[in-house]
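Residues per chain, in single letters:
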Amino acid sequence: MKYIDEFRDGAVARTLSAKIAAQLQPARHYSFMEFCGGHTHAISRYGLSDLLPSNLRMVHGPGCPVCVLPIGRIDMAIGLALDHGVILCTYADTLRVPASGGLSLMKARARGGDVRMVYATQDALHIARSNPGREVVFFAIGFETTTPATALAVLTAQREGLTNFSVLCCHVLTPPAMQQILASPELQSGGVQIDGFVGPAHVSTVIGSEPYQVFARQFHKPVVIAGFEPLDVLQAVWMLVRQVNDGRAEVENEFSRAVEPQGNHKAQACMAEVFALRDSFEWRGLGVLAHSALKIRETYAALDAERRFQLEYQPVPDHKACECAAVLRGVRRPQDCAIFGNVCTPDNPVGSCMVSSEGACAAHYSYGRHQEGVA
Amino acid sequence: MCLAMPVKVIQIGLGPAGDAALVDLGGVQKEISLALLDGIEVGDYVILHAGYALSRLDPEEAQRTLEAFSDLGCAP
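Residue numbers (the numbering used here), protein chains in the order written: chain A, 2 to 376; chain B, 74 to 149.
Just chain A, same shape as in the assembly:
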């Protein structure tokens, strides 16, 4: 498949691996955070950690929107299905996340809640058009990659006069989360080392490379935006090593075939039209962050499920044994969690990081744990 296969070439991967090794200063330790869950997944799936020298470590970041969504938000979606009798449309990733009362969206469906998996917002709109007598709510999660699609759904519903459609908006933003990682106590105290970031691929097609400048200029951390294929990630790591060695902190774009500095103007315009910044929003792992998430603007209040159904967010703590919060901040690895792989597995997940295909725990369970103990 074009634009995929050539970026997965094994021989080139070994060349890149040698290239990185040649650049490393032997006495130095390098530590880079791959922010995005898609990169965590790629690193695990293609065994990239095996191709990196032992003094270079990849730290998993919180860029998995399902993983950072707190239980309280899933509870709101479940409540809409079970208590308000709506048709609750959701992307597949959220279905098995454990929430309050031993429930998940999947289990709510088993109890009679009308929970439907959709691939795209267009499907949710179609359901609304086909069921004029029912309330239809789209559970909108995701970073900036999925936000434009939700914005278009709101605009389309308003234009068509779809009065039975609304959106439960849980969209979150990438730069504030990256900033919070850098402000974390563990980083300040030296418990965790982050020398730079591998920047998200598809978020960057939307927001461009400009929003990461603050990390280079103010925090003196290099950022290299990378595509999702294994060769992209290796090349980006090499570019980060070079920056660190040179003492530079710049925003570089390895994913130049799809990301432009200014991003996607149309997508940004749609998002600005429909959404405003929430004053604060609770994230799993990062706490309550200011101006880090989106809500639907007053103009489109009729399409805002929170207002329509008078929903109030109730914070709910994670399961006591679940270490997702620490894993999301990069301060613990999945295998450090006491319940990883024994109680908490993809079949029986306790926390969100094991459920989502981009979660660090799911990635390590599927691809990484077989490597433990192998020299």
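Computed list of lysine-lysine pairs in DSS-like fashion (alpha-carbon distance at most 27 Å, straight line): (1) K103/B to K3/A; (2) K81/B to K267/A; (3) K103/B to K81/B; (4) K296/A to K267/A; (5) K3/A to K81/B; (6) K321/A to K108/A; (7) K20/A to K3/A; (8) K103/B to K267/A.
These aren't lab readings, by the way, just hints derived from the structure by calculation.
With chain A fixed as given, assemble chain B onto it according to the hints.
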């Protein structure tokens, strides 16, 4: 969630607003929205995510990136 795919545009101008397209990924065809992009032509590759094309893949940049993989960065 963030898994988006590069897909080839094989038909444009579809759908009631004319902003839908038929794309092909390894033989599987799907109708998707081009509402977030301008100037996409048949034969272009786009990044598809959850029903929407987010970005057009630049073939020259792709080639440059592939060449950069073997660049050891030993500037004179």
